[in-house]
Amino acid sequence: MLNEKEARESIDRILSFSKADESVVVLTGEETGHARFARNTVTTSGTKQNVQAAVTSSFGKRSGTATVNEFDRASMETVVRRTEEIARLRPENPEFMPALEPQKYTSVQAYFDSTAQAGPEYRARAVADSIRPTSEKGLVTAGFIENGGGFVAIGNTKGLFGYHPHTGVEFNLTVRTQDGTGSGWASRSYNRIESLDPARVASIALDKALLSQKPRALDPGKYPVVLEAPAVADLLAYMAFFMNARSADEGRSFFAVRGGGNKIGQKVVDGRVTIHSDPQLAEAPGRPFDSEGLPTRRLPWLERGVLRNLVYPRYWAAKQGKEPTPFPPNLLMEGGKDRLEDLIASTDRGLLVTRFWYIRMLDPQTLLLTGLTRDGVFFIEKGKVAYPVKNFRWNESPIAVLNAIEALTPAERIVSGEGFGGTDTPVVVPALKARAFTFSSISDAI
Amino acid sequence: MKELASVALDTARSGGASYADIRINRYRNQFINTREEKVTNVTNTESFGFGVRVLLEGTWGFAASSRVEKDEIARVTKEALAVARANREVNQERVQLAPVEAYVDVWQTPILKDPFKIPLEKKIDLLLRINREALTVKGASYCSSSMQFVNEQKYFGSTEGSFIEQNLIRSYPNFTVTSVSKETGKFYSRAAITAPMGMGYEYVDDYPLLEEARQAAEEAVAMHRAKSVEAGKKDLILHPSNLWLTIHESVGHPTELDRALGYEANYAGTSFLTLDKLGKLKFGSDIVHLIADKTQRDALATCGYDDEGVKTQEWPLVKGGIFVDYQTIREQAHILGHKSSRGCSYADSWGSVPFQRMPNVSLQPSNKPVMLEEILADTRDGIYIVGDSSYSIDHQRYNFQFSGQVFWEVKNGKITQQLRDVAYQSNTVEFWNSLDLLGGRQTYRLGGAFGDGKGQPGQSNSVSHGCPVARFRKVNILNTARSV
Chain A
1 MLNEKEARES IDRILSFSKA DESVVVLTGE ETGHARFARN TVTTSGTKQN
51 VQAAVTSSFG KRSGTATVNE FDRASMETVV RRTEEIARLR PENPEFMPAL
101 EPQKYTSVQA YFDSTAQAGP EYRARAVADS IRPTSEKGLV TAGFIENGGG
151 FVAIGNTKGL FGYHPHTGVE FNLTVRTQDG TGSGWASRSY NRIESLDPAR
201 VASIALDKAL LSQKPRALDP GKYPVVLEAP AVADLLAYMA FFMNARSADE
251 GRSFFAVRGG GNKIGQKVVD GRVTIHSDPQ LAEAPGRPFD SEGLPTRRLP
301 WLERGVLRNL VYPRYWAAKQ GKEPTPFPPN LLMEGGKDRL EDLIASTDRG
351 LLVTRFWYIR MLDPQTLLLT GLTRDGVFFI EKGKVAYPVK NFRWNESPIA
401 VLNAIEALTP AERIVSGEGF GGTDTPVVVP ALKARAFTFS SISDAI
Chain B
1 MKELASVALD TARSGGASYA DIRINRYRNQ FINTREEKVT NVTNTESFGF
51 GVRVLLEGTW GFAASSRVEK DEIARVTKEA LAVARANREV NQERVQLAPV
101 EAYVDVWQTP ILKDPFKIPL EKKIDLLLRI NREALTVKGA SYCSSSMQFV
151 NEQKYFGSTE GSFIEQNLIR SYPNFTVTSV SKETGKFYSR AAITAPMGMG
201 YEYVDDYPLL EEARQAAEEA VAMHRAKSVE AGKKDLILHP SNLWLTIHES
251 VGHPTELDRA LGYEANYAGT SFLTLDKLGK LKFGSDIVHL IADKTQRDAL
301 ATCGYDDEGV KTQEWPLVKG GIFVDYQTIR EQAHILGHKS SRGCSYADSW
351 GSVPFQRMPN VSLQPSNKPV MLEEILADTR DGIYIVGDSS YSIDHQRYNF
401 QFSGQVFWEV KNGKITQQLR DVAYQSNTVE FWNSLDLLGG RQTYRLGGAF
451 GDGKGQPGQS NSVSHGCPVA RFRKVNILNT ARSV
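Chain order of the listed sequences is A and B.
Taken in order, the first sequence gives residues 1 to 446; the numbers are from the numbering used here.
Taken in order, the second sequence gives residues 1 to 484; the numbers are from the numbering used here.
Hints in this document: simulated from the structure, not taken from any laboratory.
There could be a bad hint or two in this list.
Unchecked claim - Pairs of lysine-lysine residues, derived as PhoX-like cross-links and limited to a Cα-Cα distance of at most 20 Å, are as follows:
1) K263/A / K233/B
2) K411/B / K368/B
3) K38/B / K61/A
4) K474/B / K411/B
5) K233/B / K411/B
6) K414/B / K227/B
7) K104/A / K158/A
8) K263/A / K182/B
9) K214/A / K384/A
10) K414/B / K233/B
11) K61/A / K158/A
12) K38/B / K319/A
Using the sequences and the accompanying hints, generate a full structural model.
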């Protein structure tokens, strides 16, 4: 793990070989360790150390990029020559953007020594603490813990420099009943390892496994739905992936306007939906700059249902006369005041969904997604969880769900079923109740 | 290399390990991306490092570093031993490795043209010509194209006495054409049906990319006028460029033994193909023969030896419709009563722990020379699908839903018109039992993926699936059109 001074020295050393008009170096490093467990025992575990440099050199409007993870003099010089060779051989890119001048980055506290230092003994203890309560109850657990530190640094021949150290711990597990009829899951991600209580997270998965066992088959169809926060996070993530101004302006996105332009300024979802990013949020810090060195900042994406911003890559921003806007460093959705119990209590007939799985885009014009439920779906009757039901395949658009909101819980930092919301791009979202959600067929998977 | 490897193996032995291996690997990639008349990205990546795996009293430990030096190898090996020691108390299942022969060998993907030696200008020129060709079609709005080339230079040494050097090459040209209608605000895309291959640049040279670019553009434009499909049960005729992905998801993954046993329960999931179904379950109709093969020429998962030094092989997974075998690695063989591993161990990087990954899994064609035309002629009410698109399957591999690139209505033995908004949804066993007509060897081709995800931390595997054109009876067709 290189500190700021060492990272700057490495970048400067690489840049010193540059004969190009401009060169940029993005240096990343990681020191991580992980442990996996399954069938109530530890399985594979390991540690990894790596530092890598991505170098981009350009002559006029021609640029080339190459990466290397060897830092002897010859390797560093070779990688720079390689980028220059690529740049010379390729045609000009009319969309080329020159390297950024020095930028001012917000200070983000995302690094904690304790998270970087925790070693194999810590992880073995976390594994043991997760397995003990589940095996005592005759259940079977499988899971994963990973912790460590890393950094990203950027520098260029114009004097720009940025350094961002970060740490993270990811912990998730699945608890299943011995007969395979019940399954529960929980997942957490924190920058500071003290925030993680493996036994508490394990108890959430354990409770779900017991509650979800022996599910009944319920007819597929449209149901009012209470989506727990991990399910909401996946819907937001898939919407965020497609929030690109260029695709919208080119007419190939849900955010496009027929005939040209995009939906910025238009109300696209329910007025209770407000989503923003803020790299400095202490409980879910985001990166202070993107891979090009563009600073991230507090920014609204949706405000009371109105689209406020889309991602503007630098070239497209310049062409359209807009501010360049990087992909969100984190996603923060405002919650409401209801508790999850209140959402259930206010539902006469509906479904409670723990999380989603295997989500894929079906139609980008409507953001129609397909996916499955996993680790607990429950039928709600007269304000109470009546019984577990079998998993469903669903076909639904996040836009439709965010237009059908009835109530929201306070937001919390969580990780989605598809893994969105780790320390790379933290997510803080509420659980929500929506008027309708389309479940299209039954899945026998548990 | 052997000298470096020996540092790890000796350190592990003297630290009490009953088994150890080291992989010292270099990975090279080239990515070239274009859109319309512009080259948007050219990147060459390279990553070098080593990973050491030790088995201490039946418990695994692993550590990896990018500093390939003797003192670092010794330090990292000790760290792997420390990981194993920390986990020893928690471990309830002592690892038992199936025996393996010691091999000293060199293996190389059989290629004709090394893609890393082909001049960049030639590749760029072809990509820009693809874009131009697509955009000559009236109504085609955008075309992006790309090439990716992969080279894995792998050195493996183990305490079994194996020292194996392998050089793997893979190539993948691709493009997508999009047609936007300003009048309706609708847009449709059609991606190439090229596949990533375990081949050199000869694949790019021999593939009719320009012809397909024009055809793709025409089909994308025609989508605006195509009929929105009527939902319901119809016969489905799948081109190999679509069926490969269905094989991957519904056959490749559920026949992974680690999934069946619960080792992947927390991420990718388990499998409905539990051990009690082995040799008994009627997985498909009588004409369904599915084989696993890590030796198939041109296929992505093909290599000489797996990542624990097991020589690669071919074996049946489904024979005459009956589920007969799994994919295994050394520590799993004894569970099935096998004497040796099937050779399915793979790690996607020097820094990743090797574990059970999918070999090439392929559907065998008919022995008769059945062509697509005969299958179409035999179909009264069906849909013919070319190319893969949206794909999703549950975590035990029962319920799946797939879409495609191009859809054709088949009525009374003939293709009548282009369709849109099509997806098919089924359950694995029901689907494979509905297969009633197979194309012959002439219709067989390989599809595949570079990025098959599995494991924690996530790893990516390259794998191919060969198949002929095939027909499935009365499959549930969905209409995916929606207004929001």
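Hint by hint, here is what the structure shows:
no.	hint	verdict
1	K263/A / K233/B	violated, 38 Å
2	K411/B / K368/B	violated, 24 Å
3	K38/B / K61/A	holds, 11 Å
4	K474/B / K411/B	holds, 14 Å
5	K233/B / K411/B	holds, 14 Å
6	K414/B / K227/B	holds, 16 Å
7	K104/A / K158/A	holds, 14 Å
8	K263/A / K182/B	holds, 15 Å
9	K214/A / K384/A	holds, 18 Å
10	K414/B / K233/B	holds, 18 Å
11	K61/A / K158/A	holds, 16 Å
12	K38/B / K319/A	holds, 16 Å
Comparing the model with each earlier hint shows violations of hints 1, 2; every other hint is respected.
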